[in-house]
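**Q** Listed here are the chains, written in short residue letters.
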Amino acid sequence: MIEHNEKEVAFFGKITAGFTHEIKNILAIIKESSGLLEDILAVTEDEAFPHKDKFKKSLNRILNQIQRGDDITTHLNKFAHSPDHSPTRVDLNEMAEQVIFLAHRLARLKNVDLVASPHDASIMVKTHPVALQMALFLSIEIFLDSITSGGKIILSPRKVRNKHIVRIHHEVAMPDVSHIPPAISSSTRWKSLQEAMAYLGGMVETDGTALEILISLPESIDE
Amino acid sequence: MNILKILLVDDEEEFVTTLAERLELRGIQTRWATDGEEAIQMIESDPPQIVILDVMMPGLGGLEVLKRIKAQHPQIHVILLTGHGSTKEGIVGMRLGAFDYLMKPLDIEELIKKMQEAIKSRP
Numbered sequence: 000m001i002e003h004n005e006k007e008v009a010f011f012g013k014i015t016a017g018f019t020h021e022i023k024n025i026l027a028i029i030k031e032s033s034g035l036l037e038d039i040l041a042v043t044e045d046e047a048f049p050h051k052d053k054f055k056k057s058l059n060r061i062l063n064q065i066q067r068g069d070d071i072t073t074h075l076n077k078f079a080h081s082p083d084h085s086p087t088r089v090d091l092n093e094m095a096e097q098v099i100f101l102a103h104r105l106a107r108l109k110n111v112d113l114v115a116s117p118h119d120a121s122i123m124v125k126t127h128p129v130a131l132q133m134a135l136f137l138s139i140e141i142f143l144d145s146i147t148s149g150g151k152i153i154l155s156p157r158k159v160r161n162k163h164i165v166r167i168h169h170e171v172a173m174p175d176v177s178h179i180p181p182a183i184s185s186s187t188r189w190k191s192l193q194e195a196m197a198y199l200g201g202m203v204e205t206d207g208t209a210l211e212i213l214i215s216l217p218e219s220i221d222e
Numbered sequence: 000m001n002i003l004k005i006l007l008v009d010d011e012e013e014f015v016t017t018l019a020e021r022l023e024l025r026g027i028q029t030r031w032a033t034d035g036e037e038a039i040q041m042i043e044s045d046p047p048q049i050v051i052l053d054v055m056m057p058g059l060g061g062l063e064v065l066k067r068i069k070a071q072h073p074q075i076h077v078i079l080l081t082g083h084g085s086t087k088e089g090i091v092g093m094r095l096g097a098f099d100y101l102m103k104p105l106d107i108e109e110l111i112k113k114m115q116e117a118i119k120s121r122p
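Residue numbers (numbering that gives the first Met the number 0), protein chains in the order written: chain A, 0 to 222; chain B, 0 to 122.
No wet-lab data here; the hints were simulated from the structure. For every residue, glycine included, the Cβ atom is placed at its ideal position computed from N, Cα and C. All clues stand as given, with none of them false.
In silico SDA-like pairs for lysine to any residue, Cα to Cα no more than 20 Å straight-line:
1) Lys87/B with His80/A
2) Lys87/B with His84/A
3) Lys13/A with Met55/B
4) Lys162/A with Asp119/A
5) Lys87/B with Gly17/A
6) Lys77/A with Leu101/B
7) Lys77/A with Met102/B
8) Lys151/A with Asn110/A
9) Lys125/A with Ser155/A
10) Lys87/B with Ile14/A
11) Lys87/B with Thr87/A
12) Lys87/B with Ala9/A
13) Lys158/A with Asp90/A
14) Lys55/A with Arg67/A
15) Lys77/A with Glu88/B
16) Lys87/B with Glu93/A
17) Lys125/A with Glu218/A
18) Lys87/B with Thr73/A
19) Lys77/A with Thr86/B
20) Lys87/B with Glu21/A
21) Lys119/B with Gly96/B
22) Lys158/A with Pro117/A
23) Lys158/A with His118/A
A few chain B residues facing chain A, derived, Cβ under 10 Å:
24) Asp9
25) Asp10
26) Glu11
27) Glu13
28) Phe14
29) Val15
30) Thr16
31) Thr17
32) Leu18
33) Arg21
34) Leu24
35) Arg25
36) Gly82
37) Met102
38) Asp106
39) Ile107
Please take these sequences and the hints and turn them into a complete structure.
**A** So, in C-alpha cells, the structure goes:
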C-alpha cells in the first residue's frame, strides 16, 4: 500500500512540477511586458499624459504581484520535487522554512504568525521529505485547530547531543487560561502525526502543556 | 558597454520578443530564435557574442544546443535560463561550458550585469 502511495505521490509531484514551470514562463512574459511599459515610461519621463501616476501605480502593483506569484511558485515547485528522491538528505532548518511557507495561508486566516527559529548550523538528516513536511504541517494544523485568533507558532529545529529535533510550540500573546488550547493528544490529527513519525522512524511527544509538540528523527532512516 | 550582439533562444515567443525589445532599448543588438535548430543556423550565419539560452525547450534542448555552440564556437558566451526546479540543469550546463545561469522570471538588470561580466571574462 505504501509503495502504491509513493507512486501516486511521485505522479502528483511530477505533474505539479511541470505546471509550475509553465506558470514561471507566464510570469516571465508578464514581467517583461510590464518591464517594457516601465522602460517606455522612463524614456518619456518628461512628457505628461493623463493619469500617468495611476499608470505607474498599476505597473508597480503588477510587479509586486509577479514577485508574490514567483515566491509561491518557487515553493510549490520545491514541494512538487520533494518525492523525486526519497529518502534523501535534507536540512531541518530548510524544511522548517519550507513548511512555514506552505502553511502561511492557513495561519493567516487565524491571524497567527508562523516563525522559524533556525539552528545556528545545518541539521542534516536522511529521511522522506514528503512525510517530514506532512508531519510538520500536521503539527501546525493541530495548533491552528484550537486557536481562535492570534498568537505565534514557532518551529525550532535543534540538534541536542545526537538527537535531531524539531520543537513546534504555540506562543500565546496573553497567558490567560481561556487562550490555552485543549490537550494536543485529543486532536483528531494526532494519530496521523504519530503514523507519519512512525513511518519516518522517529517519534512525537507533547509535554502536556498543550503548547508544545516535539518531533525527533533518526540521523538516517536506514538506521 | 560597447554595442553587444546577442541571440535570445526560448520557445516562448512572447517572452523573447518582449525581452529583445527591452534590450534593444538599452542599445544591445538582439536577435531571437524560438527553437534550437533555428538558433544553430543563426549562429552559423552570424555568430553573436553572447547567447541567452533556455534549458527547457521542445526538440533540441538547451543543453544540446550549448554543446553544439561550444564545439563549433567556443568563444561565444552562453548564459542559461532555467526554472527553479531545473537548477541542476544550470549546474550541468556550467560544466559543459556555460558562463552562468539565471532563473526565470528574469531581472533584466541582473542579465545585463551577467552579460558585462561574460564580455570582461573574454581572454
